[in-house]
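S.K.: The listed protein sequences correspond, in order, to chains C and R.
Here the first sequence is numbered in the numbering used here, starting from 2 and rising by one per residue.
Here the second sequence is numbered in the numbering used here, starting from -13 and rising by one per residue.
Just so you know, these hints were derived from the structure itself, not from any lab.
This structure is a prediction, so every number in the text was calculated from the model and none was measured.
One should not assume that every hint holds.
[To be verified] Keeping only pairs whose Cα atoms sit at most 25 angstroms apart, straight-line, the calculated SDA-like set for lysine to any residue is:
id : chain 1 : residue 1 : chain 2 : residue 2
1  : R       : K107      : C       : G362
2  : R       : K107      : C       : K198
3  : C       : K395      : C       : Q373
4  : C       : K198      : C       : Q138
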Amino acid sequence: MHQVSERSADWKALREDFPILDQQVHGHPLIYFDNAATTQKPRAVVEALRSYYEHDNANVHRGLHELSSRATEAYEAARARVAHYLGAVSADEIVFTRGTTESINLVAQAWGGKVLRADDVILLTEMEHHGNLVPWQLLAERIGARLRFVPVRDDGTLALEQLEQLLTPEVKLFAFTHVSNSLGTINPAAELCRRAKNVGAVTLIDAAQSAGHLPIDVQELGCDFLVFSGHKMCGPTGSGALYGRAEILNAMPPWHGGGEMIVSVTLEKSSFKKAPHRFEAGTPNIAGAIGLAAAIDYIEQIGRSAIFEHDAKLTSYAIERFAELPGVRILGPSGERGAIVGFFMDAAHPHDLTTFADQRGLALRGGHHCNQPLMRRFGLPGTTRASFYFYNTKEEIDRMIEILRDAARFFA
Amino acid sequence: MSTELEELYQEVILDHSRRPRNFGVLEKPDVLVHGDNPACGDEIHLGVQFGGEGNLQEIKFSGQGCAISQASASMMTMKLKGKSREEATEMARTFHDLVTGEATEQSKSLGDLQLLQGVRKFPQRVKCAMLAWRAIEQALAQTAGEATISTEAEA
């Protein structure tokens, strides 16, 4: 990895850590602007996976042999790395999962299934990804709880003026996204947690779009749960974690049963380990956890503040350039936002636009972005989305604008 | 411009998508089918009136979607108007084969619709082309009433 200090990262050099970016797609240089879906992986992460499989691969926590000890040590070191990255008090507050969606399902089933009662209210927002909506719908249906939503204003921010009347004592959980995956809105997470706490509600932050993009400290945020995916922050797919405050995690029953999570088992009954191992039944994604730790090391060497600043500059430059295109509507707030620009172009449907762009080597995402209710709220069938990361450049944005201008001409 | 792109978005297709024919709402449809493609949010409302012999006397569609779905619907209504149930069913099968498999001797009966075979190179777009046809297949399977279809199978 290229050495960089927080303020003076050599972004061009960093780009070379991502071999995948150096290729032609349909005869044009690849421009990868689908980072909100998944980011690319630096050599350091690929190398960590390779090294683990080539030297240390074994099952964790059970083999009394050298390789198993190494694998266990690396796996638990990865847990500590995640804990430190999020500002958790201890590594025991980190449960490894397949990612954001599985983390939320874990909380919905284990915590929600035990604590929530009929007529309790689960407060969400209108901008939630289906991953932070459907698990709660399933839970609400099962136990007779009610769902309530913080509306989204036209500018893509949450209608905070309504929060007081929404946060009634029946609200037992407030789960919300940190950064919207289609609007780019950065929600005031610390304030939302504080206000939820005032009515005794437990809080869950969906950090899928923020964990690799801005500094996160669960103590400062004051949340009870925080969830994220490794693959959206340079890590391997199928890696991710749930942060939960120790006393909440330890009061939760298991959700998946199996090996690894038990203390003792008879034919009739079992007793379970403490968190986090209670929630990790079966052989975990050991390599994924190790790869995730390598991704965190990589990101931390650049610095999350530096990444945020770089991406913010890129995003405002993109928004500025979008204004030159005819008939384009940009979703989301005009001020500070994540590195995500969702837009709608009168001349072309998002899917036609995405196909057109792809033929010029430009990877965009077109569709509803797992945000069907939000698209309905804005009266759009879907949007086209460009999402950036620290290896993207202004030149790439210039090329995107050129391609979109050609598309507007082509479809008009 | 890439050749694939030109093949996919031929001038005739773009023309149909910009000015879809038989676009609108039938006042008294015998069958009304609401179709959607949840993968991309395209939707169609297809109304059909059957004539005395059971032929497709009148077809209209409304809704919104990408150029491919709009053009496919527009061209389909032009092609099927006046056809018997059997002919229309056969044509739907032929179109399905065209966009998912190989062009056959049969494909020629589709006329301009053959231009849509460009979607074969774009697997994610086949459903866009098929939406209107799924709707008409459903309409042909009944004689009256309303129905809902989707390009994704729902449990």
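S.K.: Against each hint, give a clear statement of whether it holds in the structure.
M.R.: Each hint tested on the structure:
1. Proximity of R/K107 to C/G362 is assessed by CA-CA distance (about 16 angstroms); at most 25 angstroms being required, the pair is judged to hold.
2. With a C-alpha separation of about 53 angstroms, the suggested pairing of R/K107 with C/K198 is violated against the 25 angstroms cut-off.
3. Note on C/K395 and C/Q373: the hinted pairing is violated, with a Cα-Cα distance of about 31 angstroms set against a maximum of 25 angstroms.
4. In summary, the hint linking C/K198 to C/Q138 is supported, as the alpha carbons are separated by about 23 angstroms, within the 25 angstroms threshold.
Comparing the model with each earlier hint shows violations of hints 2 and 3; every other hint is respected.
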